[in-house]
Amino acid sequence: MGFPTRFKRGSATLGAEVLSRDTTVSTRATGQHAAAVLFFCAIFVFSTGIVPCVAQMVPAGEEVLITQGEIGKRGGRLVTSLRADPKTLNPVTVVDLPSKEVLGLLFADLIHINLSTQRSEPALAKSWKVSPDGRRYTLELRRNILFSDGVPFDADDVVFSFKVYLDENVHSPQRDLLKIGGKPLQVQKIDSHRVVFDLPEPYAAAERIFDSVRILPRHLLQQAYETGKISQVWNLTTNPKEIAGLGPFRIKQYTAGQQIVLERNPFYWKVDAQRNRLPYLDELTFIIVPTQDTEIIRFQAGDLDILDNISAENYGLLEKEQEARRYRLYDLGAGFQYEFVFFNLNDLSGKQLPEINRKQQWFRREEFRQAISAAIDREAIARLVYHGRATPLWGQVTPGNYHWINSSIPHPAKSIESAAALLSSAGFKRRPDGRLIDPHGEPVEFSILTSPSNMQRTRMATIIQDDLNQLGMNVQLVPLEFGSILARVSDSFDYEASVLGLASGDPDPNPEIGIWTSGGSTHLWAKSEPRPLTEWQAEIDRLMQQQTTLLDYRKRKQAYDRVQQLISQHLPVIFLVSPNVLAGVKDSVAGVHPAVMRPHLLWNAEQLFLRSVEPKTK
Amino acid sequence: MMVAGARKIWLSAAALVLVHIAVLSAGFLAPYDPVVQNRNLPFAPPMHLHFVDSAGKFHVRPFVYPWQPSGDHLQYQEDRNRIWEIRFLVRQEQPGNGTTHNASLRLFGVDAPGYVFLVGTDDYGRDQLSRLLYGGQISLFAGLLGAALSLSLALFLGGVAGYFGSWVDDVIMRGAEVFMALPWIYLLLAVRAFLPLHLGARQTFFLLIGIVGLTGWARPSRLIRGVVLSAKQRDYVRAARGFGASWSYILRRHVLPEASSVALTQGALLVPQYILAEITMSFLGLGIGEPLPSWGNMLAALQRYYVLNSYWWIAISGFALVPVFLLYYGLSDALQARLGNAGS
Numbered sequence: 001m002g003f004p005t006r007f008k009r010g011s012a013t014l015g016a017e018v019l020s021r022d023t024t025v026s027t028r029a030t031g032q033h034a035a036a037v038l039f040f041c042a043i044f045v046f047s048t049g050i051v052p053c054v055a056q057m058v059p060a061g062e063e064v065l066i067t068q069g070e071i072g073k074r075g076g077r078l079v080t081s082l083r084a085d086p087k088t089l090n091p092v093t094v095v096d097l098p099s100k101e102v103l104g105l106l107f108a109d110l111i112h113i114n115l116s117t118q119r120s121e122p123a124l125a126k127s128w129k130v131s132p133d134g135r136r137y138t139l140e141l142r143r144n145i146l147f148s149d150g151v152p153f154d155a156d157d158v159v160f161s162f163k164v165y166l167d168e169n170v171h172s173p174q175r176d177l178l179k180i181g182g183k184p185l186q187v188q189k190i191d192s193h194r195v196v197f198d199l200p201e202p203y204a205a206a207e208r209i210f211d212s213v214r215i216l217p218r219h220l221l222q223q224a225y226e227t228g229k230i231s232q233v234w235n236l237t238t239n240p241k242e243i244a245g246l247g248p249f250r251i252k253q254y255t256a257g258q259q260i261v262l263e264r265n266p267f268y269w270k271v272d273a274q275r276n277r278l279p280y281l282d283e284l285t286f287i288i289v290p291t292q293d294t295e296i297i298r299f300q301a302g303d304l305d306i307l308d309n310i311s312a313e314n315y316g317l318l319e320k321e322q323e324a325r326r327y328r329l330y331d332l333g334a335g336f337q338y339e340f341v342f343f344n345l346n347d348l349s350g351k352q353l354p355e356i357n358r359k360q361q362w363f364r365r366e367e368f369r370q371a372i373s374a375a376i377d378r379e380a381i382a383r384l385v386y387h388g389r390a391t392p393l394w395g396q397v398t399p400g401n402y403h404w405i406n407s408s409i410p411h412p413a414k415s416i417e418s419a420a421a422l423l424s425s426a427g428f429k430r431r432p433d434g435r436l437i438d439p440h441g442e443p444v445e446f447s448i449l450t451s452p453s454n455m456q457r458t459r460m461a462t463i464i465q466d467d468l469n470q471l472g473m474n475v476q477l478v479p480l481e482f483g484s485i486l487a488r489v490s491d492s493f494d495y496e497a498s499v500l501g502l503a504s505g506d507p508d509p510n511p512e513i514g515i516w517t518s519g520g521s522t523h524l525w526a527k528s529e530p531r532p533l534t535e536w537q538a539e540i541d542r543l544m545q546q547q548t549t550l551l552d553y554r555k556r557k558q559a560y561d562r563v564q565q566l567i568s569q570h571l572p573v574i575f576l577v578s579p580n581v582l583a584g585v586k587d588s589v590a591g592v593h594p595a596v597m598r599p600h601l602l603w604n605a606e607q608l609f610l611r612s613v614e615p616k617t618k
Numbered sequence: 001m002m003v004a005g006a007r008k009i010w011l012s013a014a015a016l017v018l019v020h021i022a023v024l025s026a027g028f029l030a031p032y033d034p035v036v037q038n039r040n041l042p043f044a045p046p047m048h049l050h051f052v053d054s055a056g057k058f059h060v061r062p063f064v065y066p067w068q069p070s071g072d073h074l075q076y077q078e079d080r081n082r083i084w085e086i087r088f089l090v091r092q093e094q095p096g097n098g099t100t101h102n103a104s105l106r107l108f109g110v111d112a113p114g115y116v117f118l119v120g121t122d123d124y125g126r127d128q129l130s131r132l133l134y135g136g137q138i139s140l141f142a143g144l145l146g147a148a149l150s151l152s153l154a155l156f157l158g159g160v161a162g163y164f165g166s167w168v169d170d171v172i173m174r175g176a177e178v179f180m181a182l183p184w185i186y187l188l189l190a191v192r193a194f195l196p197l198h199l200g201a202r203q204t205f206f207l208l209i210g211i212v213g214l215t216g217w218a219r220p221s222r223l224i225r226g227v228v229l230s231a232k233q234r235d236y237v238r239a240a241r242g243f244g245a246s247w248s249y250i251l252r253r254h255v256l257p258e259a260s261s262v263a264l265t266q267g268a269l270l271v272p273q274y275i276l277a278e279i280t281m282s283f284l285g286l287g288i289g290e291p292l293p294s295w296g297n298m299l300a301a302l303q304r305y306y307v308l309n310s311y312w313w314i315a316i317s318g319f320a321l322v323p324v325f326l327l328y329y330g331l332s333d334a335l336q337a338r339l340g341n342a343g344s
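From first to last, the protein sequence lines stand for chains A and B.
Position one of the first sequence corresponds to residue 1 (the numbering used here), numbered consecutively onward.
Position one of the second sequence corresponds to residue 1 (the numbering used here), numbered consecutively onward.
To give an idea of the chain A side of the interface with chain B (calculated C-beta under 10 Å), a few residues:
#1 T294
#2 I296
#3 Y315
#4 G316
#5 D377
#6 R383
#7 P452
#8 N469
#9 L477
#10 V478
Quick list of the computed label-pair ranges, beta carbon to beta carbon:
#11 B:A315 x A:R328: 28 to 34 Å
#12 A:Q558 x B:N40: 40 to 46 Å
#13 A:P354 x B:L189: 22 to 28 Å
#14 B:G210 x A:D491: 26 to 32 Å
#15 A:G427 x B:Y329: 55 to 61 Å
#16 B:D111 x A:A301: 44 to 50 Å
Simulated from the structure, these hints should not be mistaken for lab results.
Predicted, not measured: the structure shown is a model, and the values here were computed from it.
In this text, a Cβ means the ideal position worked out from N, Cα and C, and glycines have one as well.
Full structure from sequences and hints, please.
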């Protein structure tokens with residue numbers, strides 16, 4: 001689904017279900033060093049179902065992570081939704097969004113990006129040291145913590161996990177994300193709880209690449225790996241007892257097309273400020289609900305406890321009944337998703353597409369693209385399509401990404417006059433009947449591909465069509481199924497323009513390399529461009545590469561600011577809006593800290609709890 | 001009994017003619033260009049016609065109050081401080097953009113910068129009444145033309161099959177069975193996939209009619225073949241043949257008139273089916289594209305739960321379908337009752 005990018009967390013996925021973020025669950029941890037908690041108490045190993053109402057204490061020597069946040073109440077079941085069945089439960093092969101969402105709760109990573117602060121923080125590694133040249137990372141692992149099947153975790157598991165992800169024969173999608181400058185990083189075990197990572201070259205924000213690299217249990221998977229079967233294990237028919245991870249939950253039951261039930265991991269390595277072991281919830285259920293409208297209806301009916309990615313329209317609908325139906329809504333402002341319209345700037349020599357080739361004479365004119373950008377009424381898009389719950393956009397960094405946005409990029413309002421002036425400076429003229437003609441006298445008309453399954457993009461295109469009509473351009477909207485749009489955009493290049501959306505998975509600019517540099521796997525408008533064709537593209541390529549090796553935030557920001565400026569000036573894509581992140585939570589659910597990044601509500605699933613827990617019915 | 005039947009035929013036919021005249025004269029009846037967006041008035045509800053203003057004063061001319069947005073969620077309330085009187089037979093310059101012919105004389109309107117939306121606006125602030133009328137041109141005539149195409153094919157092929165019999169009959173009837181088995185909606189999807197991407201509205205319109213018309217001839221042609229089979233056994237047909245009349249003359253003069261009652265009844269049944277076919281395609285986004293209206297793409301907004309839940313007037317073209325369909329089915333019933341009796 002979409003275009004996997006070379007870089008970690010950058011799996012900026014296209015589409016209706018745009019966004020991808022392979023996050024695991026994180027907490028707002030306090031310090032770098034989680035203190036060992038000395039409590040004299042036996043561990044209750046819980047089998048499923050029976051939950052004794054005794055606070056579960058933490059044994060001596062277990063280096064748990066103490067989290068801050070509201071002290072919750074144990075027990076209960078939380079229900080949320082997934083748009084589709086997960087395809088796998090194997091972290092090595094996972095690519096689809098629903099699977100990633102579930103796996104994020106079953107597994108943990110070494111260093112984690114806190115979605116609330118957008119900064120990295122300790123997870124399974126309780127601390128780490130960086131060598132002065134920025135190439136050697138020494139990670140100190142938590143001692144005496146257990147996998148969800150009760151087996152201890154140590155450095156061998158870490159080495160094993162990285163070996164699997166980096167093995168060429170395994171073809172893990174993670175492999176590309178663990179390469180820096182084209183070369184994989186090296187892993188070495190020092191002792192049972194210390195691991196050294198050697199980077200092939202200095203890399204900015206290197207600790208971020210550990211995020212979402214899910215640590216695998218060596219005791220369960222080593223045999224499968226040695227027999228070359230690692231990519232076939234842990235599918236949806238696997239017995240849940242054979243799957244273990246370090247995440248807050250473990251799988252309990254899966255019913256195809258209906259639901260996935262997760263149960264509390266009784267050995268989870270995080271505790272709250274009162275040393276109660278997390279997570280608070282006994283169960284977390286994902287119901288599979290294929291459409292957003294059905295989700296809304298079920299949320300209104302009280303079937304779902306939490307719901308994210310609500311569309312602006314449905315948000316308005318839910319808002320009316322907020323009090324009566326006892327839920328609360330969150331409008332988190334601009335997220336990381338950006339919607340844009342772009343023209344086909346691929347090199348079409350060798351393809352039998354003379355018509356598109358002819359029209360590229362217009363698309364390649366910068367004035368033409370600038371005129372279109374000037375004519376588009378972004379405010380109207382935000383108002384009509386998103387009911388005001390979106391931010392007009394003139395660059396790829398959304399206002400939600402406050403660490404990296406270049407705030408000096410101009411935000412010109414819609415102006416048909418300046419658009420017309422740009423066009424006439426490029427030799428375009430208006431015929432007496434109002435149609436725009438190019439310098440050769442050909443009328444300017446082109447088509448925009450939209451997917452009927454994505455109503456918002458179709459409606460944005462309708463507004464653009466009307467705006468461009470005012471310039472005398474005849475724009476047709478072509479509804480096409482989403483898959484064939486992607487095929488045309490990435491392979492056959494048989495399209496003129498399209499409206500799509502992308503979302504970065506990380507605030508950091510590194511994952512965006514695949515989008516903005518020529519030859520990148522998500523370089524949508526000119527996929528066939530192995531080398532930069534323009535000077536500004538060459539400059540972008542250079543700056544993007546440069547910033548990956550700069551270790552100083554200010555210098556990187558400077559480079560990325562320039563990239564944003566170049567893009568907004570030369571407009572390889574024309575940005576439209578960034579939709580707000582909208583979420584809804586039942587009043588009974590507490591501990592919620594919605595984040596603008598995915599998963600908006602479940603990123604701190606272990607801290608969620610229910611205010612009035614109903615007694616379990618058995 | 002007979003008379004009542006005849007009256008029913010004429011009444012429903014006259015009503016249908018009126019409906020078609022109304023949509024054809026959309027340029028006069030519709031107050032606005034159907035594609036012009038009023039981006040400040042999305043989902044404005046239908047305006048109420050008033051005769052008595054807030055001060056209790058009676059006006060001879062009906063008038064409307066402007067909508068004023070209230071709250072942030074596309075809610076509107078009447079602004080009672082201003083009055084926009086409806087004027088009849090107005091000529092005014094309107095922002096049109098050339099996609100439809102902008103008739104300068106309109107049945108009614110209000111003075112600029114006022115506006116009158118008697119059936120509300122859609123999500124881009126386009127006048128629903130104007131869209132309904134212009135959209136009817138596409139939807140109703142797609143049905144009519146498609147049915148005409150189907151019927152002429154059916155008359156020809158059914159006539160030939162029934163008249164000549166033997167292998168001609170076999171070939172045509174087996175062919176008909178193939179066509180009856182074809183799911184037209186998938187056929188249309190397939191054809192659409194083969195054609196160039198950007199079909200203009202006109203091409204799409206004729207493509208729809210073509211496909212729906214070409215796939216729909218099978219059923220009526222079987223009925224017509226049956227009628228022809230029995231008609232060719234009649235004495236006067238034999239006599240004509242005996243006098244050396246050509247097959248086409250006999251078909252035209254003696255046989256097909258027998259089939260006309262079947263054809264008319266079938267036609268009255270086919271038209272609403274084909275209207276529905278166009279609406280289905282446009283509803284799915286595969287028919288007439290934005291910004292031109294058709295009854296199907298007007299309904300497409302209702303796919304969104306939010307719209308379905310909040311704005312009833314978006315369903316206006318659905319409401320308009322009900323009487324049109326009832327009229328067609330009534331006509332078909334009456335035709336069958338009358339011509340069927342007359343035939344036997």
